[in-house]
Amino acid sequence: MRRKACLMVLVCSIVFGNAASTGAFSGQVIQKGAFGDDVIELQARLQYIGYYKGEIDGDFGWGTYWALRNFQNDYGMEIDGLAGPETRQKLINASDYNESFVQDNLKKGVKFSHYGGTPLENQVKEEASPKKLRLPSGYSENDIKLMANAVYGEARGEPYEGQVAVAAVILNRIEDEAFPNTASAVIFEPLAFTAVADGQIWLTPNDQARRAVLDAINGWDPSENALYYFNPVTATSKWIWSRPQIKKIGEHIFCL
Amino acid sequence: MNWKKSILILLFLCAFSAAAFAAYQKGQTNALQTHMENQYQRAFHEMTFQMDLLHDEIGSTLAMNGGRTLSPALTEVWRLTSMIHSDIGQLPLGILPFSEMEKFLMSIGEFSFRTSVRDLSSEPLTDDEYEKLEQLYSQSADIQNELRNIQSKILEEKLSWLDLEELMATEDAKAQPVVDGFAKVDGAVKGYASETFAPTEQETASERRRQLEHLEGEKITDKDALKIAAQFSGNKMENANVSHSLEGSPYPFVTVTMPESTFSMDISSKGGYPLYMIKDRNISNATLSLNEAVTEAEKFLIKNQLKDLKLDKSQQNDHSASLTFSRYVSEEDVWILDDSVYLKVALDNGEVLGFTGYDYWAGHGEIEIPEAEITEDEALDLLHSKFKNEETRMVLIRNELDEHVFCYEFTGMTNSETFRIYINAINGQEEKVEKL
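Residue numbers (my numbering), protein chains in the order written: chain H, 884 to 1139; chain Y, 3 to 438.
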């Protein structure tokens, strides 16, 4: 369970909406972990006055956090890493924000910066900026896809919590010393999952299977720490019946 | 009659191509099967070979007495255990009771890793540890012999793993000498593990599972469970089902589900503690900010009397927020990072869609917070000169040995990357470094 503390994140491509062209913050308190137009403006403004040197991507990560804190420190505010009304106002007074320049370049997907004092047209590079995905640490996009495939292949007819439970079993196995240590090795361990054996793992998973995997990664475990599960109607192995059973969800019995 | 001839030729061609196609397919299947079989064979023979090496390597560590050659030898033992572990993972043993063997290997690995990273010239192996190595030496000989037996049977009888794979799932497998052999190895190893490695040495995943056994309180009825679920989640329990944990669960619990609204929740039978809650629904119009979601989550925690929790991490997802709240002792300004709850908040109306409380309940109890014996400045001096500290917290974490340790948590930058470094506040040891 402990591992899960650090795995709070979700994968999603960042959607850049069309904000009003006047470009002033929407009024929300912006905090670490947020994403969207307000974060883009925050990063661009911090970059304008030289605090933020990273990429303007709308993702409030550690780089933005330190930049904001340094700004708060230098401007004599409480250093809390939150962009509240006072911080935003001081930032607006101290910097400029060319919203159409930033949004256009984001749409084009090229590398650019937004420093003050340098003509903006000199700050755009022809290079494409790498597409960003927000992933739980320790898992790659491919791991998540693979797990979503396994969950869909194994449990697509099951209730939602049953799907989360199947994903949780995969994660519990990764953590357990008697099983391999990576998602792919656990899933492709011979005879471990029927969906792998009969090829159903290669069906295209739906969004729900993916959500189930992400919920499991973020710490949810409806299986109550199970390592195995089986369908009592179709199970061919007698051995599986000897495992201590924890819980029944849908058609599956989960056991230790 | 020309057309008759043509039809004959056509028929013949059809039959011929069908036969050719069938033969081709059969050939392909055979080729695939041979390929699979070879993979299995490779994994198995490699495993037995590595087991030989492991035995020899443990033997040579016994013959050494100094730190200089011992450390590399122990590292080699560690490497071999991990290779054998990976070979086992490639064999079709998924359902076969071979897990004790893997656990045993992992304990050897742990032991050799821990001793190899130690400075053996200033802190040589203790008598206890030598004795352990001797035991491991004789035990690995037994395992090696058994595996050799299995190997010779496989070679003699030209056994195919593919056939075994099919057998494995059925009751007949018991009579099969190879399957029987594996079961025997596993059984023997189970004994070894308990006689060589005291169970306190490492907290296994299965032990962690029992951490909720200490929850006490009145046994709740189904009616209570429905009431708790309604109160906790703020949802009306309509067409709800109540079911109970099965007998193998280390702690009994009650499950409340509402299939129509994909809601499910587990509540401990003793005391009615909420273990987890989840609700899956479409969130279309996300209007709340992450900050507002945190406010909603805080209200939820207060409403449900989950106390002493403070926001540790927050992350905005497409239409929801994932939040981690950790236990915070305000009088001492100390975070207990293990005792966390995780919340998922919908960004359309601020509804709490998910809650996980295992870690919070597992650690729930009095924890003594020791006095720091080194100051923050002393701890900072222990860090790399390139590390620029930005934020300091006092925290209780679990280290690699799964012990509670009291630490300074420094978060800061090295070059442009953010790292988090934990320095033990009692002895100044670097407990953990994380890249964020």
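No lab work stands behind these hints, which were simulated from the structure alone. There could be a bad hint or two in this list.
Under the rule of at most 30 Å between Cα atoms (straight-line distance), these lysine-lysine pairs were calculated in the DSSO-like manner [as the list claims (entries may be wrong)]:
hint: 1; chain 1: Y; residue 1: K315; chain 2: H; residue 2: K915
hint: 2; chain 1: Y; residue 1: K434; chain 2: Y; residue 2: K309
hint: 3; chain 1: H; residue 1: K936; chain 2: Y; residue 2: K315
hint: 4; chain 1: Y; residue 1: K105; chain 2: H; residue 2: K1028
Below, a sample of chain H positions facing chain Y; criterion: calculated Cβ distance under 10 Å [said to hold, decoys possible]:
hint: 5; residue: G919
hint: 6; residue: W945
hint: 7; residue: R952
hint: 8; residue: E1060
hint: 9; residue: N1064
hint: 10; residue: Q1083
hint: 11; residue: T1087
hint: 12; residue: N1089
hint: 13; residue: N1101
hint: 14; residue: P1105
hint: 15; residue: E1107
hint: 16; residue: P1127
hint: 17; residue: K1130
hint: 18; residue: F1137
hint: 19; residue: C1138
Just so we're clear, the structure is a prediction, and the values are computed from it rather than from any experiment. Glycine included, every Cβ here is placed at the ideal spot set by N, Cα and C.
Tested hints:
1. K315(Y) / K915(H): Given pair K315(Y), K915(H) holds - Cα atoms ~8 Å apart, limit 30 Å.
2. K434(Y) / K309(Y): holds (28 Å)
3. K936(H) / K315(Y): holds (23 Å)
4. K105(Y) / K1028(H): Holds, at about 29 Å.
5. G919: With a closest approach of 8 Å, the G919(H) hint holds.
6. W945: Where the cut-off is 10 Å and the nearest Cβ of chain Y is about 4 Å from W945(H), the hint holds.
7. R952: R952(H) check passes; min Cβ-Cβ to chain Y is 7 Å, inside 10 Å.
8. E1060: Nearest chain Y Cβ about 4 Å off; hint holds.
9. N1064: holds (8 Å)
10. Q1083: Q1083(H) check fails; min Cβ-Cβ to chain Y is 16 Å, beyond 10 Å.
11. T1087: violated (20 Å)
12. N1089: violated (12 Å)
13. N1101: holds (5 Å)
14. P1105: holds (6 Å)
15. E1107: At about 6 Å, which falls below the 10 Å cut-off, the nearest Cβ of chain Y leaves the hint on E1107(H) intact, so it holds.
16. P1127: Check passed: Cβ of P1127(H) comes within 3 Å of chain Y, closer than 10 Å.
17. K1130: holds (6 Å)
18. F1137: Where the cut-off is 10 Å and the nearest Cβ of chain Y is about 8 Å from F1137(H), the hint holds.
19. C1138: holds (6 Å)
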